[in-house]
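Protein sequence lines correspond, in order, to chains F and S. Position one of the first sequence corresponds to residue 7 (the numbering used here), numbered consecutively onward. Position one of the second sequence corresponds to residue 7 (the numbering used here), numbered consecutively onward.
Simulated from the structure, these hints should not be mistaken for laboratory data. Values in this document were obtained by computation on a predicted structure and should not be read as measured data. There could be a bad hint or two in this list.
Because identical chains share one entry, a pair is satisfied inside a single copy or across any pair of copies.
Claimed, not checked - List time: in silico DSS-like cross-link candidates among lysine-lysine, alpha-carbon distance up to 27 Å:
hint, residue 1, residue 2
1, 284, 200
2, 84, 122
3, 264, 210
4, 65, 193
5, 170, 284
6, 280, 193
7, 119, 26
8, 111, 280
There are 2 protein chains.
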Amino acid sequence: MGLLIVGSIGLDDIETPFDKVQNALGGSTTYISLAASYFTGPIEIVGIVGDDFPKEHMKMLEDHNVDLEGLEIVEGAKTFRYGCKYHYDLNVRDSLYTHLNVFEKFNPQLPDKSKKSSYIILGNIAPKLQLSVLDQLQNPKFVVCDTMNFWINGAMEDLLKVLKRVNVLIINDSEARLLSNEPNLIKAAHKISKMGPEYLIIKKGEHGALLFGAETVFSAPAYPMENIFDPTGAGDAFAGGFTGYLHKNRDFSFDNLKRAVVYGSIMASFCVEKFSTKGLENLSPLEIRNRFIEFRELSSFS
Amino acid sequence: MGLLIVGSIGLDDIETPFDKVQNALGGSTTYISLAASYFTGPIEIVGIVGDDFPKEHMKMLEDHNVDLEGLEIVEGAKTFRYGCKYHYDLNVRDSLYTHLNVFEKFNPQLPDKSKKSSYIILGNIAPKLQLSVLDQLQNPKFVVCDTMNFWINGAMEDLLKVLKRVNVLIINDSEARLLSNEPNLIKAAHKISKMGPEYLIIKKGEHGALLFGAETVFSAPAYPMENIFDPTGAGDAFAGGFTGYLHKNRDFSFDNLKRAVVYGSIMASFCVEKFSTKGLENLSPLEIRNRFIEFRELSSFS
């Protein structure tokens, strides 16, 4: 059975200190799908776009074994659009505009075959929609969930319901502090674990990622990157690499979850090396394997 | 031959959200010496205090195999005093006062036997004084150096002279960015390496530490700490653990430098568990060894 991904699909205008792109492929579903496609397939997506959504993007996704049956194309409507500009140090971005367009009416309807999915990634969308997806699933076994400050601040009640039904929550350090109201990340993790998720992953950007299980912690390093061209989608690429790897081998031991976190970090590192989704479009298994070895050399000692 | 340490010795008033202490033992030399003492000895220190410096502190240091021949005690003068208050999240502290007292006239004079030292830690003092120490040494083989924003901003010319003569520079991430004028830490590290030091260690607090060699990088995790009682001296404890470990086994392979970084991180983690130097005063070899194993479990994957 495939890996189901529900989230946003959009077109982005991105400006960084190095370059800018317009009308580039964006959205959480897109980054997650591409990253996961290097490990498993098919990837089933549920999303919505307008009839302005370029056919070439659909072709590219299909070439990555992404099944578009759940992609609703609304005639006469426009695709979700987002524009942002990154500051010099790339850690801060200003949103220039957010045109929800068709995404405003997004109400995910799973195709019948997707209702049987066991492995699901809930991309960063309204918790109410995440709940609707969970309600349509007949037998979810492994649910990975993303969220953000906007929903923590504005839809906490629904978010708490979601957290009770997910296996893994993936958020960044500032989101973890906000969600738990606790500055110490280790204490924050323990508080969040009590909200429901079996595992918690806290992404820390240039500082790597932490994986928390019931009684144990894993600290993954960040790949040492001199040239980050576009941070957009890094977190989604992480979720895609992490879950794609687990979907392939179905091994939920903590040792294998550690490896999955490293594969997530690897896909995030490839993602930020190029603009938009370009860094995830043409990777070879050897490149991914070699970067795994680099990650191991980076952090191993005895 | 012993390990030579030159830096500050003082008395601190420290307030954190959890508690406060007054008149507690402080200063870079103190933390470095205690941390190093668990790996090697004797520790020879060069420093200055007033006649108000409590005898009990000298006794405690001597019990840790610290040789006080180079400690100048100025009659009728007062010891360096520092007061600070940490904010709720412990990442920010306000300096309440700095009374240099005898430290204002500190002009390190090495005892004859210390002039023959091969292993030296230059604690965070004026680069001019660090240069004076280097000039007195007959045959320095391995020099580890600390500095801070204050000297980067105010004594850059002297600092650059120091950097050409040290083997390892240990600074934190904000200092690395300031020294290199470069926000990307990896680029910052390459710039700083060109200033002279053979190895660079960038401490990142709750995010661990990075060790940079000529062509290679090591990323050490941070120990997951829920209860940090007093961050004072953590960086000095790191330097002491790192250099003490190397002084003991004299193995400068990159693999052993990695282990030394982990031992530095271990000593920093013990340091912050109690107020002042208390976390470094009564450790057992078994506690240190067990924490090494915990660090390995925290970051290993295959």
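Hints and how they fare:
Taking CA atoms no more than 27 Å apart as the test, residue 284 paired with residue 200 passes in neither setting, with 38 Å inside one copy and 33 Å between copies. Taking CA atoms no more than 27 Å apart as the test, residue 84 paired with residue 122 passes in neither setting, with 30 Å inside one copy and 77 Å between copies. Taking identical chains as interchangeable, the C-alpha atoms of residue 264 and residue 210 lie at most 27 Å apart whether they share a chain (16 Å) or sit on different chains (22 Å). In this assembly of identical chains, residue 65 and residue 193 lie within 27 Å of each other by CA distance neither inside one copy nor across copies; the values are 45 Å within and 38 Å between.
Taking the shortest Cα distances, residue 170 and residue 284 never come within 27 Å of each other, neither inside one copy (35 Å) nor across copies (42 Å). Taking the closest pair of Cα atoms, residue 280 and residue 193 come within 27 Å of each other only across two copies (18 Å); inside a single copy the shortest separation is 35 Å, beyond that limit. In this assembly of identical chains, residue 119 and residue 26 lie within 27 Å of each other by CA distance neither inside one copy nor across copies; the values are 39 Å within and 62 Å between. Proximity of residue 111 and residue 280 under a CA criterion of 27 Å is satisfied in neither setting, with 31 Å inside one chain copy and 55 Å between copies.
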